[in-house]
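Taken in order, these protein sequences are the chains called C and W.
Our numbering applies: residue 1 is where the first sequence begins, and numbers increase by one.
Our numbering applies: residue 1 is where the second sequence begins, and numbers increase by one.
One or more hints might be untrue.
Said to hold, decoys possible - Reference excerpt, derived from the structure (chain C facing chain W, CB under 10 Å, subset only):
| no. | residue |
| --- | --- |
| 1 | 170 |
| 2 | 187 |
| 3 | 189 |
| 4 | 190 |
| 5 | 195 |
Simulated from the structure, these hints should not be mistaken for lab results.
All values derive from a computational prediction rather than experimental measurement.
Cβ atoms here follow ideal geometry from the backbone N, Cα and C, with glycine treated the same way.
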Amino acid sequence: MLLQQIINGLTVGGVYALIALGYTLVYGILELINFAHGEIYMIGAYLGIIFLGIFTASGLTQYSLFLSLFLTFIMSVIVCSAYGFTVEKLAYKPLRNAPRLNPLISAIGVSIFLQNYVMLTQGATDKVFPHVLPVTTVKFLDVTMTSLQIFIIIASILLMAGLHVFIMKTKTGKAMRAVAQDKVMASLMGINIDRIISVTFIIGSGLAAVAGLMVAMYYGLVNYSIGYIAGIKAFTAAVLGGIGSIPGAMIGGFVLGLIESLGASYLSSEYKDAYAFIVLIVILLIKPTGLLGKSEGQKP
Amino acid sequence: MILEVRALTKVFGGLKAVEEVSFRVKQGVVLSIIGPNGAGKTTLFNCLTGMLTPTKGKVLFEEKDITRSKAHEITAMGIARSFQNIRVFGSMSVLENAMIGQHCRSGKGLLAAVMGTRGFVKEEDDIKARALEYLEFTGIAGYAGTLAENLPYGDQKRLEIARALASEPKLLLLDEPAAGMNPQESLALMELIRKIREWGKTVVIIEHDMKVVMGISDRIVVLDHGVKIAEGTPDEIRNNPQVIEAYLGKEEVF
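Chain C on its own, in the form it takes in the complex (with noise of 0.2 Å):
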């Protein structure tokens, strides 16, 4: 029971870590919470279907589903992330020297926004995952994993580790956590500011679209609305782990699925939704820096 609890944990908190990881890289380099980003990661998880859809009634689904799923991945990442790219260019650019407020409410407002195109576009009903996937079941102890969930919880480890050494080896990895630290200075090292943010935007936005992708198959249902409450989630994540600290994201992501999934089974499954925000809340009373977070107070 204990374990198996775990394993679900695992499961939805390596979700939670791939959006968390969003918010925080964002935050990192523009101190703006990006409060669109919930709804690029429900486009993501509308993508995964259009795009399996197309595959599937194209003929390349039956010929090879392995292929297919690759294909809608890629296709959802490259997706996502132009919307990403295009979100920061129009709502956020031209605010970039404003007051930190004005950009947030630019964020609020392009949630808003996105979470109404989606619904007029693809209507107001659940869309349901086509179920391509055969599931097999793994049994190990008492605990019963499905192949989805070992799926999501190995891609979410090794997309983490891939961003990991992309931010620490990179040349452009180092200009980011140049940028995040000092931006005058950095440009003054001949990093392109601009082109940094977009590069952080896109990788935020590809890593929301695999876990809209990978939350699409795992609970089969997908709504237009999926992306408020997995954003809250997340955004509590990476403030647990510590906002603006990559590796932050990604524990607060796995703690925070681990309480949840712990919580429904041994408390009540009625408040499953409620513990993320009581974590928020002790967090902010008792650490507000989340676990990795550093204190810096204001920035200049």
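Following the hints, put chain W in place on chain C, whose structure we already have.
The following block gives chain W in isolation, referenced to the frame of chain C:
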């Protein structure tokens, strides 16, 4: 002429921080800009490096107009600067700081990084090797693995210079490099600036420490209230009555 400033004016609201300032910098010299606090020296630097756009006037770097270029473009053309207050990337290692300086000199893009191509790996190694050379040049190679924020003050200043040099500039702008240094540290700094000049770089510095200014400058430009009041060799400046009156007030400082 590596740098030419033509009638540069920068106005903030009603305040003329820099007014009609013109001067030229020859290749391979050390030129100092001096003047009392609030004379507009740092504003001038900010206009040269694309951090501020001048209200009027022109900045030419190697005969090219860079007045409206962006900061990262100017760095790519070959101007680097350090700051009055230290601005190293504190939570990165000393080596990484210097590697960031190499950013605009390395060509391989994101795709190569993601694919981990051989060209990319080799380039990373090259960047690391060159970054280490600059750390050695400035004498802080021993700290390569240390977090920059843990360096002693003087060495953080050196790191700023190493990082600026790592962007392989033709022109190096140093904003009060000797500020807060003890006499030994400023002697070592003068030595370093001489070495940089011997290396063929052009250096423009803002400095208050007259020993440093008189010791290393080929030419000096004096600003007061945003206006250039004198220009010449250290000897000419030392004996210029206008400078003595407006800036120093008393002679014995020299």
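Quick rundown of the hints versus the structure:
| no. | hint | result |
| --- | --- | --- |
| 1 | 170 | holds, 4 Å |
| 2 | 187 | holds, 4 Å |
| 3 | 189 | holds, 5 Å |
| 4 | 190 | holds, 3 Å |
| 5 | 195 | holds, 9 Å |
Checked against the numbered hints listed earlier, the structure breaks none of them; every hint is satisfied.
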